[in-house]
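Residue numbers (the numbering used here), protein chains in the order written: chain L, 1 to 161; chain Z, 1 to 725.
Since the hints were made in silico from the structure, they are not lab data.
Glycine included, C-beta positions come from ideal geometry on N, C-alpha and C.
Where hints are given, some of them may not hold.
Some but not every residue of chain L turned toward chain Z, in silico, with C-beta under 10 Å [unchecked claim]:
1. Arg61
2. Asn69
3. Pro70
4. His117
5. Gln146
6. Asn147
7. His152
Mimicking EDC-like on lysine to aspartate or glutamate, the simulated pairs with C-alpha atoms at most 20 Å apart in a straight line are [unchecked claim]:
8. L:Lys111 with Z:Glu414
9. L:Lys121 with Z:Glu62
10. L:Lys111 with Z:Glu57
11. L:Lys121 with Z:Glu414
12. Z:Lys412 with L:Glu122
13. L:Lys116 with Z:Glu57
14. L:Lys121 with Z:Glu702
15. L:Lys121 with Z:Glu345
16. L:Lys111 with Z:Asp415
17. L:Lys116 with Z:Glu62
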Amino acid sequence: MRAIQMEKTSQLKKFLKDLFSSQRLAVLATQNRRQPYGNLVAFMATDDLKHLLFATTRATRKFANISKNPKVAMVFDNRSNQESDFHQAVAVTATGVVKEVEGPEKECLQKLYLAKHPYLKEFVSSPTCALLKVEVETYFVVNRFQNVVELHIKNESHHSP
Amino acid sequence: MSLIIPLDQIKEEDKEGVGGKAFSLALLSQTGMNVPEALCVKSEAYLQFITCAGLRERILLEINRKNFKEMRWEEIWDASLRIRNLFLHTPVPQEIGLELQSPIAEKFRDKAVVVRSSAPGEDSSQASFAGLHESYVNIRGVEAILEHLRLVWASLWSDAALLYRQELGLEIEKSTMAVLIQEIVNGERSGVAFGKNPNDASQAVIEAVYGLNSGLVDGTVEPDRWILDRQTRKVLSHSPAHREKWVRPSQEGTHLEPLTPDLSGKPPLNDDEIREIFNHVLKSEKHFGAPQDVEWTFRKERLFILQSRPITTISSGSSEDKRPWYLSLRRSFENLKVLRKKIEEELIPAMVEEAERLSHQNCATLSDIQLADEITRRMDIHGRWVAIYWSDFIPFAHGMRLFGQFYNDTVKPEDPYEFMVLLESGKLKSLERNQKLEEMAAMVRKDPSLALSLEKFKTIEDKAFKRKLDEFIQQFGDLSCSVGEQTQCLQGPEGIIKILLKMAAHPPAKKKRRSFHLEDLTSRFLSRFQGKDKHLASELLDLGRASYRLRDDDNIYLGRIEREVVVAIEEGRRRIEKRCQITVEGADPAEVVKALKDSDYIPKRQPSTEPIKLSSELKARQILGQPAGPGIGRGKARVILSPSDIFAFESGEILVCDAIEPNMTFVVPLSSGIVERRGGMLIHGAIIAREYGLPCVTGVPEATSLIQTGDLVTVDGYLGIVIIG
Numbered sequence: 001m002r003a004i005q006m007e008k009t010s011q012l013k014k015f016l017k018d019l020f021s022s023q024r025l026a027v028l029a030t031q032n033r034r035q036p037y038g039n040l041v042a043f044m045a046t047d048d049l050k051h052l053l054f055a056t057t058r059a060t061r062k063f064a065n066i067s068k069n070p071k072v073a074m075v076f077d078n079r080s081n082q083e084s085d086f087h088q089a090v091a092v093t094a095t096g097v098v099k100e101v102e103g104p105e106k107e108c109l110q111k112l113y114l115a116k117h118p119y120l121k122e123f124v125s126s127p128t129c130a131l132l133k134v135e136v137e138t139y140f141v142v143n144r145f146q147n148v149v150e151l152h153i154k155n156e157s158h159h160s161p
Numbered sequence: 001m002s003l004i005i006p007l008d009q010i011k012e013e014d015k016e017g018v019g020g021k022a023f024s025l026a027l028l029s030q031t032g033m034n035v036p037e038a039l040c041v042k043s044e045a046y047l048q049f050i051t052c053a054g055l056r057e058r059i060l061l062e063i064n065r066k067n068f069k070e071m072r073w074e075e076i077w078d079a080s081l082r083i084r085n086l087f088l089h090t091p092v093p094q095e096i097g098l099e100l101q102s103p104i105a106e107k108f109r110d111k112a113v114v115v116r117s118s119a120p121g122e123d124s125s126q127a128s129f130a131g132l133h134e135s136y137v138n139i140r141g142v143e144a145i146l147e148h149l150r151l152v153w154a155s156l157w158s159d160a161a162l163l164y165r166q167e168l169g170l171e172i173e174k175s176t177m178a179v180l181i182q183e184i185v186n187g188e189r190s191g192v193a194f195g196k197n198p199n200d201a202s203q204a205v206i207e208a209v210y211g212l213n214s215g216l217v218d219g220t221v222e223p224d225r226w227i228l229d230r231q232t233r234k235v236l237s238h239s240p241a242h243r244e245k246w247v248r249p250s251q252e253g254t255h256l257e258p259l260t261p262d263l264s265g266k267p268p269l270n271d272d273e274i275r276e277i278f279n280h281v282l283k284s285e286k287h288f289g290a291p292q293d294v295e296w297t298f299r300k301e302r303l304f305i306l307q308s309r310p311i312t313t314i315s316s317g318s319s320e321d322k323r324p325w326y327l328s329l330r331r332s333f334e335n336l337k338v339l340r341k342k343i344e345e346e347l348i349p350a351m352v353e354e355a356e357r358l359s360h361q362n363c364a365t366l367s368d369i370q371l372a373d374e375i376t377r378r379m380d381i382h383g384r385w386v387a388i389y390w391s392d393f394i395p396f397a398h399g400m401r402l403f404g405q406f407y408n409d410t411v412k413p414e415d416p417y418e419f420m421v422l423l424e425s426g427k428l429k430s431l432e433r434n435q436k437l438e439e440m441a442a443m444v445r446k447d448p449s450l451a452l453s454l455e456k457f458k459t460i461e462d463k464a465f466k467r468k469l470d471e472f473i474q475q476f477g478d479l480s481c482s483v484g485e486q487t488q489c490l491q492g493p494e495g496i497i498k499i500l501l502k503m504a505a506h507p508p509a510k511k512k513r514r515s516f517h518l519e520d521l522t523s524r525f526l527s528r529f530q531g532k533d534k535h536l537a538s539e540l541l542d543l544g545r546a547s548y549r550l551r552d553d554d555n556i557y558l559g560r561i562e563r564e565v566v567v568a569i570e571e572g573r574r575r576i577e578k579r580c581q582i583t584v585e586g587a588d589p590a591e592v593v594k595a596l597k598d599s600d601y602i603p604k605r606q607p608s609t610e611p612i613k614l615s616s617e618l619k620a621r622q623i624l625g626q627p628a629g630p631g632i633g634r635g636k637a638r639v640i641l642s643p644s645d646i647f648a649f650e651s652g653e654i655l656v657c658d659a660i661e662p663n664m665t666f667v668v669p670l671s672s673g674i675v676e677r678r679g680g681m682l683i684h685g686a687i688i689a690r691e692y693g694l695p696c697v698t699g700v701p702e703a704t705s706l707i708q709t710g711d712l713v714t715v716d717g718y719l720g721i722v723i724i725g
């Protein structure tokens with residue numbers, strides 16, 4: 001599963017879906033003016049891979065950063081903290097623009113999010129908590145240590161470096 | 001593996017999966033004793049339930065919210081209540097339900113059953129903890145049985161079990177629970193027997209009551225007691241009870257009734273029956289190889305053994321161990337009703353009278369020696385009331401919990417604290433006090449010349465205002481005395497005037513806007529019940545409200561007595577300062593007494609306690625506490641480290657304190673939120689915050705040292721977090 005060949009978009013997408021469903025936490029990168037900032041967040045990816053969801057309370061630093069600059073990156077991986085990670089582990093970086101989920105869409109996406117993270121029910125249901133959606137522009141997938149491909153999910157084509 | 005097994009099919013290899021209680025009953029039944037018919041839901045069912053229903057991580061999140069060692073008993077109760085609500089709201093997944101339903105339906109049909117825990121290790125010979133987990137009596141029908149199965153599972157995380165988690169080996173990752181579903185044997189006479197008297201190893205003890213055992217176990221029905229000689233099996237003594245009440249089965253559970261006159265004159269057991277019970281106890285002891293604690297009942301002259309477990313007592317070791325005391329706070333409804341009468345009819349009037357009497361004694365006219373004696377006398381009086389506060393007022397707080405549990409079981413709300421809304425009355429003493437303050441502030445607001453003369457501490461010429469102020473001080477004191485271990489007091493009305501000027505500088509604090517009428521809510525709640533149940537619901541609600549009110553009012557009443565102690569000590573301090581030309585602010589009262597009695601003695605000053613300073617490199621950004629009042633508030637922090645800090649409070653600030661003392665509640669309406677170190681949803685501070693609709697987070701460890709006055713703070717009362725910066 002780890003060192004798969006990623007020639008085909010569909011294969012790549014299948015891989016991403018599997019990775020996203022096997023992982024619960026990802027790193028979220030935001031920035032405050034010129035200072036980058038990173039967090040671990042509990043995430044969920046929509047089935048079409050176009051959106052990544054996470055939740056945060058509004059008084060946090062990450063929320064303040066996002067409010068000023070909605071451009072974010074997220075990092076996912078399947079490392080096991082062993083030497084073999086160097087040949088086996090895969091890391092995925094997603095870049096995109098984040099916005100708060102509101103209105104009728106919220107009920108549906110919140111349900112999906114909680115299906116993956118049922119233990120966050122109280123947290124997500126709090127009026128002080130925001131559900132956020134990253135509209136992904138590009139996935140950067142790194143495997144076999146140095147092999148990188150890009151998946152431009154918005155127009156659905158991919159390029160090898 | 002099957003998830004459910006009849007009692008008579010339990011074998012040695014099932015021991016682990018069925019728990020101690022079920023296993024010993026199975027053994028007793030196999031030796032020919034009468035035991036109630038039963039099914040055992042194995043511990044595997046619990047594990048499958050929490051895994052399939054996604055509860056595992058939610059329980060773990062709740063338990064790990066805070067370092068367990070830092071949790072007060074009230075916070076443990078809260079955690080346990082929230083877990084219980086999770087179980088109450090999570091149906092048994094279909095695949096598990098299907099496996100349990102048909103054996104239960106087949107065995108019991110519509111017969112009433114008891115659903116009780118049989119946790120592995122619960123009754124082992126090393127540890128026997130009666131009453132840590134729940135039992136539910138008189139449950140009928142598969143659906144109700146499955147619901148109560150979940151509640152018994154939830155009691156694996158009861159407050160009591162969590163308190164004794166180390167002794168129980170309660171491992172958050174691994175703990176599990178089997179459950180017994182037993183036919184109800186509605187005995188006419190029931191009791192317990194100890195094969196070996198814990199106080200004398202040569203004796204055994206049998207206790208018996210009329211009716212069901214629950215009255216004896218929870219202490220509401222006094223038992224007849226027989227002491228027997230283990231060797232000769234003869235009765236050594238009989239202590240008859242005042243036989244007044246008995247617990248009888250009812251449609252939906254049990255209820256307490258007056259005992260009929262023919263029974264109250266007669267012991268529940270005759271000599272033959274005592275012997276029969278004792279023989280069973282010895283037989284059981286032989287079988288299990290250790291003296292047993294046996295629960296039994298007679299139904300139509302036939303003896304049933306309900307339970308047998310090794311005798312062990314919770315050895316608390318030292319008096320430092322407060323846990324048995326905490327558990328004693330879980331009072332029954334009957335017990336609380338009696339307590340309420342005592343508090344409302346005897347204790348509160350006596351307390352008011354005491355404060356009144358003390359306030360008439362003018363300390364200034366006493367000689368030094370007389371004053372020294374008066375200080376000692378007042379401290380003794382205060383000490384007596386503090387003892388009553390702990391022995392009667394604090395246990396009465398359980399009335400709120402009792403109502404809360406009833407509400408959650410019957411209404412099944414999403415929010416386990418929804419019941420609090422029904423308790424809010426707006427009639428608390430400190431609210432009355434704040435209302436009077438606001439009336440005075442309104443006078444200042446309207447009259448700039450009055451404000452000016454107050455600012456300059458001139459004589460107050462406005463007679464109406466002066467009268468109001470004097471009346472206020474008469475009724476509530478001058479707000480400057482602190483209650484608790486400190487005995488410091490600013491003299492005179494300067495403190496109140498400062499606060500009034502601050503209040504007057506802002507428009508009046510907005511009252512909480514209720515989105516409902518309490519009457520509507522009350523009638524909606526009561527309309528769920530019929531007949532006897534309606535009466536019970538209404539009685540429990542009334543008890544809950546009284547308990548809620550007292551949580552605030554008792555502080556005010558105790559505060560009045562405390563004030564009189566402080567007044568006497570202050571008089572003493574003033575005299576000593578004049579004589580010795582030193583400041584003795586904060587000197588220990590015993591030192592003041594000593595110096596008053598001996599004019600050569602110079603009192604030692606108490607070392608002042610500095611707040612913990614944090615390193616400049618390490619700063620708290622977000623602290624986790626308990627969500628005790630919903631809402632979000634943001635403002636500058638005002639950290640209360642000493643009683644006088646409260647007078648610097650500015651409108652819109654966040655009140656950060658160790659615990660909201662009665663002399664602090666008057667700033668609550670000015671604040672934008674409350675952060676308290678002491679934890680719990682039902683504590684005084686949380687109650688006051690709810691009354692004003694303010695966001696409140698309690699149980700924040702080191703709140704007063706991690707947060708500093710002036711820090712910008714966000715109080716998230718929904719999630720129980722405080723964000724600094």
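Hint check results:
1. Arg61: 8 Å, holds
2. Asn69: 19 Å, violated
3. Pro70: It is violated, given that the least Cβ distance between Pro70 of chain L and chain Z is near 21 Å, above 10 Å.
4. His117: 9 Å, holds
5. Gln146: 36 Å, violated
6. Asn147: With Cβ-Cβ at 35 Å, over 10 Å, it is violated.
7. His152: Where the cut-off is 10 Å and the nearest Cβ of chain Z is about 36 Å from His152 of chain L, the hint is violated.
8. L:Lys111 with Z:Glu414: Measuring from Cα to Cα gives roughly 17 Å; hence the hint holds.
9. L:Lys121 with Z:Glu62: Given pair Lys121 of chain L, Glu62 of chain Z holds - Cα atoms ~12 Å apart, limit 20 Å.
10. L:Lys111 with Z:Glu57: 18 Å, holds
11. L:Lys121 with Z:Glu414: 11 Å, holds
12. Z:Lys412 with L:Glu122: Roughly 16 Å separates the two Cα atoms, so the pair holds.
13. L:Lys116 with Z:Glu57: 12 Å, holds
14. L:Lys121 with Z:Glu702: Cα-Cα ~28 Å, so violated.
15. L:Lys121 with Z:Glu345: Violated - the C-alpha atoms of Glu345 of chain Z and Lys121 of chain L are around 46 Å apart, more than 20 Å.
16. L:Lys111 with Z:Asp415: 19 Å, holds
17. L:Lys116 with Z:Glu62: 18 Å, holds
In summary, the structure is inconsistent with hints 2, 3, 5, 6, 7, 14 and 15 from the numbered list given earlier, while agreeing with the others.
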